[in-house]
Amino acid sequence: MKIFKIALGILAAIGGFVDIGDLVFNVAAGAMFGYQLLWVVVVGVVGIIVYSEMCGRVAAISNKAVFDAVRERVGFRAGLVTLVAAQVVNLMTLAAEVGGVAICLRLLSGLPYRWLILAAIVGLGIVVWVISFEWIERIFGYGGLCLLVFAVAAVKLHPDWGAVAHGYVPHLNTENTPLYLFFAVGLLGAAMTPYEVYFYSSGGVEEGWKAKDLGLNRANAIIGYSLGGFFSFALMITGGALFLEQGIQPDFLGSIALGAEVPIGEVGLLLALIGILFAVGGASIDTLFAGAYNLAQFFGWEWGRYRHASGAPRFTLTWMVLLGLALAIVMTGVDPVQLTEYAVIFSVVALPLTYLPILLVANDRAYMGKYVNGRVSNVLGVAYLVVILAVSLTAIPLMIITNVGQG
Amino acid sequence: MACNGGTVDRHALKQDSEAIDSLACEGALLANDVGKGATTHNFVEVHAGELAQTASNFADALSERPTLPAIERDVRAEARKAGMIAGLLDQLKEDPDRPVAESLRDRLEKQGGCS
Numbered sequence: 042m043k044i045f046k047i048a049l050g051i052l053a054a055i056g057g058f059v060d061i062g063d064l065v066f067n068v069a070a071g072a073m074f075g076y077q078l079l080w081v082v083v084v085g086v087v088g089i090i091v092y093s094e095m096c097g098r099v100a101a102i103s104n105k106a107v108f109d110a111v112r113e114r115v116g117f118r119a120g121l122v123t124l125v126a127a128q129v130v131n132l133m134t135l136a137a138e139v140g141g142v143a144i145c146l147r148l149l150s151g152l153p154y155r156w157l158i159l160a161a162i163v164g165l166g167i168v169v170w171v172i173s174f175e176w177i178e179r180i181f182g183y184g185g186l187c188l189l190v191f192a193v194a195a196v197k198l199h200p201d202w203g204a205v206a207h208g209y210v211p212h213l214n215t216e217n218t219p220l221y222l223f224f225a226v227g228l229l230g231a232a233m234t235p236y237e238v239y240f241y242s243s244g245g246v247e248e249g250w251k252a253k254d255l256g257l258n259r260a261n262a263i264i265g266y267s268l269g270g271f272f273s274f275a276l277m278i279t280g281g282a283l284f285l286e287q288g289i290q291p292d293f294l295g296s297i298a299l300g301a302e303v304p305i306g307e308v309g310l311l312l313a314l315i316g317i318l319f320a321v322g323g324a325s326i327d328t329l330f331a332g333a334y335n336l337a338q339f340f341g342w343e344w345g346r347y348r349h350a351s352g353a354p355r356f357t358l359t360w361m362v363l364l365g366l367a368l369a370i371v372m373t374g375v376d377p378v379q380l381t382e383y384a385v386i387f388s389v390v391a392l393p394l395t396y397l398p399i400l401l402v403a404n405d406r407a408y409m410g411k412y413v414n415g416r417v418s419n420v421l422g423v424a425y426l427v428v429i430l431a432v433s434l435t436a437i438p439l440m441i442i443t444n445v446g447q448g
Numbered sequence: 149m150a151c152n153g154g155t156v157d158r159h160a161l162k163q164d165s166e167a168i169d170s171l172a173c174e175g176a177l178l179a180n181d182v183g184k185g186a187t188t189h190n191f192v193e194v195h196a197g198e199l200a201q202t203a204s205n206f207a208d209a210l211s212e213r214p215t216l217p218a219i220e221r222d223v224r225a226e227a228r229k230a231g232m233i234a235g236l237l238d239q240l241k242e243d244p245d246r247p248v249a250e251s252l253r254d255r256l257e258k259q260g261g262c263s
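Line by line, the protein sequences give chains A and B.
Note that the numbering used here has the first sequence beginning at 42, numbered continuously upward.
Note that the numbering used here has the second sequence beginning at 149, numbered continuously upward.
Incorrect hints may have been included.
Unchecked claim - To give a feel for the contact side, a few chain A residues facing chain B, derived at Cβ under 8 Å:
| hint | residue |
| --- | --- |
| 1 | L149 |
| 2 | E286 |
| 3 | W342 |
| 4 | Q447 |
Stated by the list, open to error - SDA-like mimics (lysine to any residue), calculated; alpha carbons at most 20 Å apart, straight line:
| hint | chain 1 | residue 1 | chain 2 | residue 2 |
| --- | --- | --- | --- | --- |
| 5 | A | K251 | A | M409 |
| 6 | B | K241 | A | Y154 |
| 7 | B | K258 | B | A167 |
| 8 | B | K184 | A | E307 |
| 9 | A | K197 | B | A186 |
| 10 | B | K162 | A | L220 |
| 11 | B | K241 | A | L152 |
| 12 | B | K241 | A | P153 |
| 13 | A | K197 | B | S263 |
| 14 | B | K184 | A | P304 |
| 15 | B | K258 | A | Q447 |
| 16 | A | K105 | A | E343 |
| 17 | B | K162 | A | K251 |
| 18 | A | K197 | B | K184 |
| 19 | B | K229 | B | S204 |
| 20 | B | K184 | A | G306 |
| 21 | B | K258 | A | Q287 |
| 22 | B | K184 | A | I305 |
| 23 | A | K105 | A | L401 |
| 24 | B | K162 | A | G446 |
| 25 | B | K162 | A | T215 |
| 26 | A | K105 | A | K253 |
| 27 | B | K258 | A | L285 |
| 28 | B | K162 | A | V122 |
| 29 | B | K241 | A | S150 |
| 30 | B | K241 | A | L149 |
| 31 | A | K251 | A | K411 |
| 32 | B | K229 | A | G288 |
| 33 | A | K197 | B | G185 |
| 34 | B | K162 | A | E216 |
| 35 | B | K258 | B | E166 |
| 36 | B | K241 | A | G306 |
| 37 | B | K184 | A | V308 |
| 38 | B | K229 | B | G185 |
| 39 | B | K162 | A | T443 |
| 40 | B | K162 | A | L285 |
The hints are simulated quantities; they were obtained by calculation from the structure and are not laboratory data.
The structure presented is a predicted model; accordingly, all values stated were derived computationally and were not measured.
For glycine and all other residues, C-beta sits at the position ideal for the given N, C-alpha and C.
For reference, chain B alone in the conformation it holds in the complex (with noise of 0.2 Å):
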């Protein structure tokens, strides 16, 4: 992944793409988890925790690493977006209630593009 160091190629940006796709889909799964009750709190609190602190390094990396100029815009565009998933992510590690839960399950499934 990207966050390994080095200048973010389309290749790089390809699979940093979808693994922060992936986070999205695992948190948006989870949140329905949420609004249906069918989880413990410590578990949403930890393990969403996890998700977002990982799409936050990828916000991170991708929004100071080097890349090809070709796709600068792409890479920049992809940390904006795995900012705004990792803060979807924090969101649900506070254990919403079950209105926001479903709001966020359908925002993460959104920015995933989850099947």
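In isolation and in its complexed conformation, chain A is listed as follows (with noise of 0.2 Å):
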């Protein structure tokens, strides 16, 4: 049963870590500069493990998630700020994932696909009401495993490995350095996404971690994101190995799950399709928590799925509006890939503001009592944070200067 047990980590690591924004950033990043940013990867894998270990810790010890951090550290009215970006940011990933599920989908079925998309939301306001938070980390998480055919991919692709190891020095072998940049900014948002902790902090909550459960966080966050950072590797191989020496501009969905199916054939096709359908539709689920996580937490409100509807009225009522807005944006034809882009990067801006109450919250000795950060902990978090602001103040000039990433 222990393997269970870490399936939170593996719902964050596949409906967070790869969800809609990292298999088009890391897909597209292999295609344009094959495997020169695999490093990237790294950096941001080892920045949400040492987050989410921090904010899974905070919960288990104080019981309290992310934004009852950011409103008691920071104030009301810096915690505003930090909660208005943190919505509109979880509002457009939101609507990207339920674009990209109905777009697989669509890609399985060949329905239309503004029914499909009216069949996601259902779908997935169904699967939130029914199903136990514990189920849906299951079926989310292990479901989303189909992406392993990705690594089977990149094998069979018979990439470069000389290449590959190279790619994980950090090196700039390109004539086109804010595109590299863009992609590196970008790669690096996708993997610290600001709702992965914020749905990390408040499912260790939900689960009712205490002290005695700091070792599975340590084991979940460790094993959840590693996982995740192995997934995007195979990505971005398989992006780098396929479409890179064919000058493919993997610009949609199929595109990413052809990079399976050139190699592997109908079956590497439909266990790709399988795996993105469940990690977008697990990343749905994330961001769709996340934003009643917010707002419940920010505000005093009960929250939590393990309530049921009646103990946490205004927390149901704040998920179900979230998917009704969801629905009303990708209703309106936006393409789900643009979208993701766009909020990738303005997630990038937002990082600071989720990450340094996290950081504060876990050096109080209020909260943590002996709990509180150790030495390692702390050098890496600060570390992070100046890395964090460094990238949050580059993204949107870099976005402009790159025409998000057209070059």
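Build the complex: two chains, separate frames, hints provided.
Here it is in structure tokens:
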């Protein structure tokens, strides 16, 4: 049963780390720069492990999730700015994920896109209403493991493993430095997107973590996000080995699935589509919950899936409204892949507002007692905060200079 | 891409040309899998349809948009090429039998200059 207990980490990894943003940015980065940006994934994985472990520990010891801490530590006004930024990015991401679910269903079924958007919204609503938190984690987390097909695809495409290994060493070998930096920022943003920690810390509270669960928290963070990083490597290597040589710009979710079909065939295609479906479906639920968690925690409402609708009515109403707003956005016909690119870049801008309060609370003895950050956590936490700050300041200028990665 | 509006200059033409070639090469990969029976009907119909629609959008945009006079002929030629690729991808969308799929693959590869 221990393997089931790390499902939260796997869901967070697959639904958060490998969401539509990661699928898009990793394959596109591979298609554009080969394996040169693999090192950024390593940086992102370590960063999200450091901060998820921290906020999971805060949740286990203080029974407070991220936005409880934000409100208490940075005050109402600054907290409100963080909340608004988080909710805007969250809604954009939710809409993109819902659109991704509909695209996947369309690639599988051939049915009309708009009907499938409705089906996706209704399906997600039923899942969230009916299925327990634990089973949501298991179904989407383990269903997303179908993405392992990309690891097989990457191997079967016979990449230059020397070049792959070289990709883990930061280096710049391109004439288009701004585009390289844009993708580096996008990959880091996709890896450390704020809703992952909102969901992760609230999930820890939902699961009733206590001090005895700190080992489980650490295992969740390390195993889950390392797995997410592994998927990212596989996607980028697939992009580099297949699309770079052909000069293909993979602008569609179908292009990503084609990356598994070409080396493996029909089985590869179906596994890729099912894996993507569960990954973006899981991410839809992560972002949906994250949006409701944030609002409820900030305003001090009752929250939690475990309380059922009558026990947390405003929380329940919030996720329903968010689902309705996502439906309205996707129904406008906006391209989910393009929406994802904007969501990831805007989320980068909001990163310091999310991660600074976590670092502060994890160092606060009033909250944490003897479980405050150790030296390693603090060194890594501060180092990442500096990186996050630098990245957040450059994200928008790079987006403008590169025309959102068009070069 | 040129679909965004404004006058087509050399940089925009180069970007659009690369994007159109990309669509052709991706279509060729898909056509190859259709020929081998290594894909599904729904995937081919939907994905080839997306590629065809995008190529068609390029064809429309490049045939109508204002351009720098010096490159107008090149822009219109690129528009015709995009239209031709859109037509090939539309045929691929029908999930054709093996000989037709192989023929489409070869023609898409030639149009896209795929390696």
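Hints, verified against the model:
1. L149: 6 Å, holds
2. E286: 6 Å, holds
3. W342: 42 Å, violated
4. Q447: Where the cut-off is 8 Å and the nearest Cβ of chain B is about 7 Å from Q447 (chain A), the hint holds.
5. A:K251 with A:M409: Roughly 12 Å separates the two Cα atoms, so the pair holds.
6. B:K241 with A:Y154: At roughly 16 Å apart (the allowed maximum being 20 Å), Y154 (chain A) and K241 (chain B) satisfy the hint.
7. B:K258 with B:A167: Within the cut-off at roughly 15 Å; holds.
8. B:K184 with A:E307: 10 Å, holds
9. A:K197 with B:A186: With Cα atoms ~15 Å apart, K197 (chain A) and A186 (chain B) stay inside 20 Å; holds.
10. B:K162 with A:L220: The hint holds at about 16 Å.
11. B:K241 with A:L152: The given pair, whose Cα atoms are some 14 Å apart, holds under the 20 Å limit.
12. B:K241 with A:P153: Roughly 15 Å separates the two Cα atoms, so the pair holds.
13. A:K197 with B:S263: 19 Å, holds
14. B:K184 with A:P304: Holds, at about 12 Å.
15. B:K258 with A:Q447: The given pair, whose Cα atoms are some 24 Å apart, is violated under the 20 Å limit.
16. A:K105 with A:E343: OK: K105 (chain A) and E343 (chain A) at ~12 Å, within 20 Å.
17. B:K162 with A:K251: 58 Å, violated
18. A:K197 with B:K184: Holds, because 17 Å separates the two Cα atoms, which is no more than 20 Å.
19. B:K229 with B:S204: Distance ~10 Å between K229 (chain B) and S204 (chain B) Cα, so the pair holds.
20. B:K184 with A:G306: 9 Å, holds
21. B:K258 with A:Q287: Given that 20 Å is the threshold and the Cα spacing comes to 12 Å, the pair holds.
22. B:K184 with A:I305: 12 Å, holds
23. A:K105 with A:L401: 13 Å, holds
24. B:K162 with A:G446: 15 Å, holds
25. B:K162 with A:T215: 18 Å, holds
26. A:K105 with A:K253: At roughly 16 Å apart (the allowed maximum being 20 Å), K253 (chain A) and K105 (chain A) satisfy the hint.
27. B:K258 with A:L285: 18 Å, holds
28. B:K162 with A:V122: Answer violated: K162 (chain B) to V122 (chain A) is near 42 Å, above 20 Å.
29. B:K241 with A:S150: 14 Å, holds
30. B:K241 with A:L149: Holds, because 15 Å separates the two Cα atoms, which is no more than 20 Å.
31. A:K251 with A:K411: 14 Å, holds
32. B:K229 with A:G288: 17 Å, holds
33. A:K197 with B:G185: It holds: about 19 Å lies between the C-alpha atoms, which stays within 20 Å.
34. B:K162 with A:E216: Given that 20 Å is the threshold and the Cα spacing comes to 16 Å, the pair holds.
35. B:K258 with B:E166: 14 Å, holds
36. B:K241 with A:G306: 18 Å, holds
37. B:K184 with A:V308: 13 Å, holds
38. B:K229 with B:G185: Violated - the C-alpha atoms of G185 (chain B) and K229 (chain B) are around 28 Å apart, more than 20 Å.
39. B:K162 with A:T443: Holds, because 15 Å separates the two Cα atoms, which is no more than 20 Å.
40. B:K162 with A:L285: 17 Å, holds
In summary, the numbered hints that this structure violates are 3, 15, 17, 28 and 38.
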